[in-house]
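Q: With these hints in hand, go ahead and build the complete structure from the sequences.
Protein chains: 2
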Amino acid sequence: MGAANQIYIAVIGAGGVGKCFLSQLHGLAARKQSLKFRLCYISTSRKALYNDDYSEIAADGALEALAASSNAPLALPKIVDYLAAAPSRAILVDNTSSQDVADSYPLALGRGISVVTPNKKAFSGSYKLWKDIFTAAAMSGAKVYHESSVGAGLPVISTLKDLVDTGDRITKIEGVFSGTMSFLFNSFAPVEGKGGKWSDEVKKAKSLGYTEPDPRDDLNGLDVARKLTILARLAGLAIESPTSFPVQSLIPKELETCNTGDEFLAKLPEFDQQMEKIKADAESAGKVVRFVGSIDVGAGKVKVGLESFDRSHPIAALKGSDNIISFYTERYGSNPLIVQGAGAGGEVTAMGVTGDLLKVAAQIS
Amino acid sequence: MGAANQIYIAVIGAGGVGKCFLSQLHGLAARKQSLKFRLCYISTSRKALYNDDYSEIAADGALEALAASSNAPLALPKIVDYLAAAPSRAILVDNTSSQDVADSYPLALGRGISVVTPNKKAFSGSYKLWKDIFTAAAMSGAKVYHESSVGAGLPVISTLKDLVDTGDRITKIEGVFSGTMSFLFNSFAPVEGKGGKWSDEVKKAKSLGYTEPDPRDDLNGLDVARKLTILARLAGLAIESPTSFPVQSLIPKELETCNTGDEFLAKLPEFDQQMEKIKADAESAGKVVRFVGSIDVGAGKVKVGLESFDRSHPIAALKGSDNIISFYTERYGSNPLIVQGAGAGGEVTAMGVTGDLLKVAAQIS
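Just so you know, the protein sequences line up as chains A and B, in that order. So the first sequence is numbered by the numbering used here: it starts at 4 and just counts up by one. So the second sequence is numbered by the numbering used here: it starts at 4 and just counts up by one.
It should be emphasised that the hints constitute simulated quantities derived from the structure, not laboratory data. The reader is advised that the hints may include incorrect statements.
A pair counts as met if it fits within one copy or between any two copies, since identical chains are not told apart.
To be verified - Quick list of in silico lysine-lysine cross-link-like pairs, DSSO-like style, CA-CA up to 27 Å:
id: 1; residue 1: 175; residue 2: 306
id: 2; residue 1: 164; residue 2: 146
id: 3; residue 1: 134; residue 2: 39
id: 4; residue 1: 134; residue 2: 362
id: 5; residue 1: 209; residue 2: 306
A: So this is what it looks like as structure tokens:
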């Protein structure tokens with residue numbers, strides 16, 4: 004055990020993404036990748052599985068073994084200590100959406116532990132945390148990769164980094180960054196046909212599992228604002244936080260104080276007229292309305308909210324719950340570089356994490 | 004000199020892409036990347052510039068210095084010897100489209116020299132060369148990256164590799180892979196409006212610099228066939244060569260024997276009726292015709308040629324000379340992962356090369 008070419012992996016989180024990630028990690032081993040990953044720690048918020056001698060936890064049986072474990076999870080600094088003392092390089096895979104875990108990245112990175120995660124919190128929280136993370140990584144040489152923090156497995160973060168790193172100048176980034184919002188508006192205001200009532204579409208999206216348990220967590224726009232914060236910072240803007248620029252909430256003011264998501268959904272039909280008017284205004288101009296985020300890099304402006312697009316515009320023509328991200332740059336000129344496809348879902352989110360794991364491993368091994 | 008964190012770079016080719024690459028290489032140094040690249044060899048087909056002590060050639064003055072050089076280029080095995088004896092790791096950047104240079108990759112890789120290139124020849128020639136290249140790289144640990152061999156700087160190769168490496172199953176790849184063909188068909192059979200005569204559009208494309216000096220080198224479909232060969236092999240198909248599957252040539256049989264491109268262009272109007280009929284047939288079905296390549300991975304079938312698409316299809320809606328590549332996979336389901344944008348041009352092609360350089364350097368330094 005402990006051969007130098009082995010990479011020790013700790014996984015925090017075993018929800019939808021975590022489960023898919025474990026399956027993909029097992030697949031890597033089954034396909035006999037030259038890099039040897041050794042899963043040595045896995046935890047949920049209540050349980051953990053690990054061995055003091057770093058002996059391997061089989062990825063394909065990890066969930067069952069974890070369920071049977073009687074160990075409580077280690078505190079985050081203890082996980083860092085544990086990984087820092089591993090026989091060779093280690094990667095922390097954070098498959099949670101926890102701010103606490105995100106806050107521990109500078110500590111882990113500073114001690115040479117690389118981080119791979121779909122968790123948006125670290126990169127879209129305070130600008131101080133962002134700087135602490137990348138300063139710690141630069142000092143130690145540890146890597147931090149977070150492709151799935153925007154657009155799940157779509158090559159969004161990597162493409163933006165490549166553009167910036169090779170010296171292109173980003174002028175504008177624009178797109179649909181939420182699978183939920185994409186589904187809602189593609190149904191509510193389709194390019195062809197009439198579309199349903201707003202409140203009906205929200206209910207349908209919830210019943211199909213396309214929204215958070217409380218749909219207001221999608222409709223407040225904060226998820227999109229977090230993704231825009233990440234991209235804007237990578238494009239060079241010192242965005243203070245996801246609430247430091249205009250974000251349009253689709254929660255009617257009167258419903259902000261509802262106690263539950265169900266109460267909100269019950270009262271939402273009373274406000275259908277507001278959304279119907281927005282749709283009609285766009286239609287009378289030959290357009291359709293969409294919920295988009297945009298970053299004007301030159302002007303340093305970020306915004307999130309409703310905008311109207313010609314029916315032939317790629318943003319209007321989006322299907323299902325797909326995301327679309329357009330990068331306008333000096334080199335690409337008037338026609339942007341576009342990435343499009345599913346931007347949510349366990350398998351494609353985990354794919355971004357697994358891809359990052361392979362890229363980090365290739366650099367640290 | 005010769006510090007261990009330096010990476011020695013030899014550049015072959017100083018044409019359109021080569022010039023842009025040198026400018027981007029200079030930009031890397033100017034932005035004080037932590038990786039230190041040292042240009043120690045540069046050549047065209049007639050001249051070379053290098054120093055026996057590997058002292059640095061300034062990237063921003065390299066072209067002028069090369070023009071003033073009286074050295075002939077080294078033979079390829081000598082370049083390999085020279086780089087293999089460099090004080091630390093070396094990367095060969097092949098900015099040519101030469102088969103001879105491509106044929107030398109196994110030798111370079113076998114001796115631990117990584118290769119970065121937009122040159123399609125190595126990856127779309129014989130299957131034996133493909134195997135020799137990747138076997139040599141696997142044996143020595145040297146890297147070979149070729150993002151710009153398909154779609155220039157668009158993230159096509161990297162996306163396909165990520166999908167495959169993380170265990171997704173590619174079912175189909177489809178797209179417009181030639182900027183020339185994209186421009187020709189977007190003008191000849193636009194989604195809105197009538198479009199021009201075929202021969203007029205070909206002449207216009209040539210006068211705008213969108214075609215090879217002899218437009219038949221685009222119209223024969225071989226460029227697209229080469230790109231499809233590369234993607235099909237990466238998706239797991241053992242494609243023997245770019246002529247081992249059906250490729251539709253748009254050169255009328257009667258004009259294959261023209262002695263010059265000018266003679267071809269002069270006679271092309273006599274055949275406009277053939278293309279006009281193809282356009283009309285598509286229109287009568289409510290569609291537009293496009294020149295596409297597709298790979299059916301399950302059936303092991305690759306083909307290149309004309310196909311008709313609904314006007315609302317992303318391939319129909321393409322603009323200018325953009326490329327579009329759709330990856331259909333098990334994880335992404337019915338809506339493909341799509342990458343779209345300029346797929347030709349010096350700056351964006353060089354960007355793919357520079358991006359690869361950074362990725363290889365991060366792994367070998």
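Q: Any of the earlier hints contradicted here, and which numbers?
A: none
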